[in-house]
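K.L.:
For the protein sequence lines, the chains are A and B, in the order given.
First residue of the first sequence: 1, per my numbering; consecutive thereafter.
First residue of the second sequence: 1, per my numbering; consecutive thereafter.
I should point out that these hints are in silico values taken from the structure, not numbers from a laboratory.
Heads up, the beta-carbon is just placed ideally off N, CA and C, and yes, glycines get one too.
Check each hint, because a few of them may be wrong.
Now the stretches of chain A that chain B is said to cover, found in silico as 3 or more residues with beta-carbon under 8 Å [claimed, not checked]: (1) 45 to 52; (2) 59 to 69; (3) 81 to 91.
Negatives, chain A to chain B, calculated, CB over 10 Å [what the hints assert, rightly or not]: (4) M1; (5) P23; (6) R117; (7) T141.
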Amino acid sequence: MAWSDVVLECLKANKVQTIVHIPDTILTELIRRADEDDYFDVLSPTREEEGVGIVCGSYLGGRNGALLMQNSGLGNAANILGSLTVPYQIPMLLLISQRGELGEFNTVQVGMGQALRPTLDGLDIPHFTMEREEEVAKIMTGAIKLAFSTDRPVAVIVSPLLSGGKSL
Amino acid sequence: MINRQQLARVFVDALTDQLVVTGIGNACNDVYAAGDRALNFYMRGSMGAAVPIAFGLARARPNDRVICVEGDGSVLMNLGALATVGSYAPDNLMIVILDNSAYQITGGQPTHTAAGIDLAAVARGCGIESASRVGTLGDFETALDQILGAPGPHVLVAQVDRTLSDPKLFQPRRPALIKYRFMGRIGTLEDVRRLVWD
């Protein structure tokens, strides 16, 4: 099974029903398959910060959610994660595709790529990186459990070693 | 222009079982001062996020009606959220914008609505057909009464003055408590709902 299918299976098996996404090449297949599955409420906001707000609202209403984005989006969402999600103890899964490291061709992607983990650390958000297909299910399941059992956002990073990155 | 404290009292008096999300600053302070209730979710920061939170809540609770109360400065900070609401058109969502044309809590600097930017027209441009602007308390009451019973989404922009609620009034300051009370009241956290509180 492709890694993106395993991710969706893990979300469904753990009742993560709201999927909010900002378009991203690496996550294209995942978003497409989620859209085809009636179980998920798949929503597309205009900006990552808005996406965090939607996932928070969904959780308050009793529906667990995940936000899918590229690492550039974490910069757009840093304030709301630090001022809403963390202090209000609202759990969510952040699925972040990594750009700006191994194999990167676009200079402007490197900055947020380098800032990704320090930003998550600074916001007190635990993060785990998926590099190999065989670890996807364990990391996804474990991250979802950590988030929703202990009421905090948790990030899972999709390494270019897993995704193959984006090519020219 | 409408006295914002009078407006808040009219608003709270009109509520029944709606879920209310209030934005940062005076939107939160006014609604709290007019009458606290467990079905209110108060934001303490994250300027511009009240509309997305209310939208997410409305998606997850299709049988409840959700009302967002937000200031003009906050709406301007996250205008894209109106496009999202217009695009998905949740019929159980209503947005009340308290427009005083100022960033009042940071010193009263003018917002772009002071230059004539019309947020009701922006909302209509975003596909929210039921979007209107009122400038008297009577018109607000009439409009509120109409849209509370009608399928949304709605945007109601109220032109308000800058009368503050009593600054000495207690305000809820603990984010986690606001969350747990809200979720316990609507029953989305079973263990919190089952706790005995006194």
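K.L.:
Against each hint, give a clear statement of whether it holds in the structure.
P.N.:
Now for the hints, and whether the structure bears them out:
{"no.": "1", "hint": "45 to 52", "in the structure": "holds (count 7)"}
{"no.": "2", "hint": "59 to 69", "in the structure": "holds (count 6)"}
{"no.": "3", "hint": "81 to 91", "in the structure": "holds (count 6)"}
{"no.": "4", "hint": "M1", "in the structure": "holds, 29 Å"}
{"no.": "5", "hint": "P23", "in the structure": "holds, 14 Å"}
{"no.": "6", "hint": "R117", "in the structure": "holds, 23 Å"}
{"no.": "7", "hint": "T141", "in the structure": "holds, 22 Å"}
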